[in-house]
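From first to last, the protein sequence lines stand for chains A and B. FYI, my numbering numbers position 51 of the first sequence as 51, with every residue one higher than the one before it. FYI, my numbering numbers position 81 of the second sequence as 81, with every residue one higher than the one before it.
Just so you know, the hints here were simulated from the structure itself, not pulled from any lab data. Check the hints yourself; a few may be wrong.
Unchecked claim - Derived CB-CB ranges, DEER-like: (1) 28/B to 52/A: 30 to 38 Å; (2) 57/A to 52/B: 28 to 36 Å; (3) 67/B to 98/A: 20 to 28 Å; (4) 18/A to 96/B: 44 to 52 Å.
Glycine included, every Cβ here is placed at the ideal spot set by N, Cα and C.
Below are the chains, spelled out letter by letter.
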Amino acid sequence: DAGITQSPRHKVTETGTPVTLRCHQTENHRYMYWYRQDPGHGLRLIHYSYGVKDTDKGEVSDGYSVSRSKTEDFLLTLESATSSQTSVYFCAINSGNSYEQYFGPGTRLTVT
Amino acid sequence: GQQVMQIPQYQHVQEGEDFTTYCNSSTTLSNIQWYKQRPGGHPVFLIQLVKSGEVKKQKRLTFQFGEAKKNSSLHITATQTTDVGTYFCNAGNNRKLIWGLGTSLAVNP
Numbered sequence: 001d002a003g004i005t006q007s008p009r010h011k012v013t014e015t016g017t018p019v020t021l022r023c024h025q026t027e028n029h030r031y032m033y034w035y036r037q038d039p040g041h042g043l044r045l046i047h048y049s050y051g052v053k054d055t056d057k058g059e060v061s062d063g064y065s066v067s068r069s070k071t072e073d074f075l076l077t078l079e080s081a082t083s084s085q086t087s088v089y090f091c092a093i094n095s096g097n098s099y100e101q102y103f104g105p106g107t108r109l110t111v112t
Numbered sequence: 001g002q003q004v005m006q007i008p009q010y011q012h013v014q015e016g017e018d019f020t021t022y023c024n025s026s027t028t029l030s031n032i033q034w035y036k037q038r039p040g041g042h043p044v045f046l047i048q049l050v051k052s053g054e055v056k057k058q059k060r061l062t063f064q065f066g067e068a069k070k071n072s073s074l075h076i077t078a079t080q081t082t083d084v085g086t087y088f089c090n091a092g093n094n095r096k097l098i099w100g101l102g103t104s105l106a107v108n109p
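Chain B extracted, bound-state conformation (with noise of 0.2 Å):
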């Protein structure tokens, strides 16, 4: 069945430098989801992408979907104290959606 891979599993990172997670799946993907949640708290919707070669922009977070729709990317410039968490990725429709197993992002001040 569609599997999404997201790499790495966990990151560790100084204060201030670039993070970026993907999330690759074996099938084309009509959409992908991105999420993050803080340690403790719940998962918050951050974007969703549809087109091939999309590129999405949230300050410091750059969110892009592969051209053959297979795989994605979210990437965090410079990154802060606030971004720690685990980010996740999902993909389908509805009534079945395909999630990664997310990446845990630790930030050293």
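The following block holds chain A by itself, in its conformation from the complex (with noise of 0.2 Å):
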């Protein structure tokens, strides 16, 4: 498996809090995706990054900012959670040499 890990795995937090998910990659990857996985709608992209500080839009980025400071690390935060983004988060990572993905283990997120 690609060096790829994401903080926390799991979180229950409450409605209007802030969250800050963390995909953290050890392969010096140039690009680095924020997805969220919910039944029947597959992986729906929230933002994604093509370097330091370069970062764009998905398909589902209302609600969710992203960082990358560095080449490893790319937060994403919810700044006041609400219950419509309970899902699963996946963190991806792609070398930009194909097209192939590799994903991060995931986190649970319960907004209650």
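Both chains come to you apart, so use the hints to assemble them.
Right, dumping it as structure tokens:
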């Protein structure tokens, strides 16, 4: 498996609180992605990064922000969590030399 | 916009039966990738196809890219319980990948 970790792996938080999820890679890959996965919706892209400080929105970016200050770390922040953001969040990386993505183990987030 | 449709959404098979999932697009695809996600796990990359009519095999799995590059298939011969999971396809580029919704495979022993 590619060197990619996510933290925390599980989190329960209350509506209105800020939440930050971390993705860390040891592969020095250029591209990093944040997805959410919900039943019936497959994988939906939230944000992605194509380099340090270079990020762009995906298809479901509302309510989320990201930052990438180092190649190895990509942070996803929910400024004010809502129940609709209860989901499993996956981080993925890609070297840019092909289209294959390597996924982290996921973070299960529950917003009560 | 570009969409990738996967069919069927679900499939139940008896162990030993074959299984096929299809990924279809209304537009020509430059590439297609297939992933497998076990229950409770994360998606794992299986294969990438880029050439028209390309066929690749991985043991009991056969991947095919259509001649018109608008569809692709994943065929599993003689399914085993270890094949259980959801199979996803995607296509696009590093800045915009379009994912299918996946085909969930259940295998009865």
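With 20 to 28 Å as the target window, see if residue 67/B and residue 98/A comply at their CB atoms. At roughly 23 Å between Cβ atoms, residue 98/A and residue 67/B fall inside 20 to 28 Å, so the hint holds.
Between residue 18/A and residue 96/B, does the beta-carbon spacing fit 44 to 52 Å? violated (29 Å)
Kindly confirm whether 28 to 36 Å is satisfied by the beta carbon distance between residue 57/A and residue 52/B. holds (33 Å)
So the hint says 30 to 38 Å: do the beta-carbon atoms of residue 28/B and residue 52/A match that? Holds, at about 34 Å.
In summary, the one numbered hint that this structure violates is 4.
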